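Residues 175 to 543, numbered by this note's numbering, are exactly what the sequence shown covers, in order.
Check each hint, because a few of them may be wrong.
[Stated by the list, open to error] Mimicking EDC-like on lysine to aspartate or glutamate, the simulated pairs with C-alpha atoms at most 16 Å apart in a straight line are: (1) K286 x E379; (2) K225 x E386; (3) K486 x E356.
[As the list claims (entries may be wrong)] For each label pair, taking beta carbons as the anchor points, the in silico distance ranges come out as: (4) K534 x D373: 43 to 53 Å; (5) E407 x D375: 21 to 31 Å; (6) D373 x K399: 21 to 31 Å; (7) I199 x I495: 29 to 39 Å.
Honestly, the hints are just simulated from the structure, not real lab data. Here the structure is a predicted model, which is why all the values come from computation and not from measurement. For glycine and all other residues, C-beta sits at the position ideal for the given N, C-alpha and C.
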Amino acid sequence: MEEEFTPVEKVKINIFSEDILLHIIKRRRFVIIFGICFFVLGLALAILSTKKYTSKAVIVPQMNSSQGVSKKYAKIASLAGINLNSGESSNILPTIYPLILSSAPFQKELLKTPLTIKGQDSTVSLTNYLSNIRKPSFLDKVKKYTIGLPGLLINSLKSKPKATASAGFRKDTTLFEFTPVEKGQIGFLDGAVEVKYNDLDGYIEIIGTLEEPLASAELAQRAYKLLEQYVIEYNIQKSKDELTYIQERFVEAEENFFEKRAKLGNYRERNQNLITTSAINRGEQYKIEYDLAYSIYSEISSEFESAKLQVKRDTPIFTVIKPVTVPTEPSYPNKLMIIIKTFFFGIAISIFILLYKYFKPYIKDYINY
């Protein structure tokens, strides 16, 4: 008597059946045609893709001892109950550098980057290049009106805010506001500039990618210089504020000291031959005021010099391991890899379709069971 199986058991049996392999082999022509179609598609993508050049700088920020401990040593020390990073510091850690890159003031400055573009008599800003010179590729246009179509429709339906109404009420000039055009350009920056931090070895990569080789190097160099400037300004802000305060006190103490010294000198010159008690007492009073002014001036002068040294100590030093260079070969597209990936993707889709057709009757039985 032939054994009967339930639909669930049939599915389990057929998953491991050799019939699946035979089913695919018999329809290999379908798989080959699908693979050829996707091979042609990959070839078209490789040809139509715009060339992009990548330039990068590798730097190592020199920090104080409380921050310069490598992560791997900090982990080992923590096992022994030792905290190597216990020292308090207000310095920006390298792990925060990518956040600086995405900040509004940094992006505003980065859009002003002067670039050398072929066909242009002089350098142009990045925002001008993106708005008036750069032409989107065919694939960019396809993506815009396929994948990006929902976003375009949503933006077109949104009511435009009245700039005049909001401008009159906004008093805080420290707030940053982006126009719709700038928002699109910042979206481009997200893929054009990148900061990577290797927390194990402690080095930072600043990467710039554009369609022009020289422009990509200029963008990477500008990003590095801006990042260095922002980090230095933030790290020395506290010590600079202290220096400014002490400098103001130093000027006051210096003026007071010179005033007391001149006052004492003038009094002694005018009263050299007087030996009265009142004259002696007045001279001693002026001498006490002078000594006090000198003591304050000397102490603040020492603090002033220490504050200037502290600013220098707090200023981080960026050691350039690999400077920015102009690339000679495009980093994208990798045409061979695009063709191979697209071809095997087509093969995978064709096999999936065959498997679906093979299991479709069993799936129906399973659902109806």
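Violated constraints from the hint list, given by number and in increasing order: The structure breaks hints 1, 3, 7; every other hint is satisfied.
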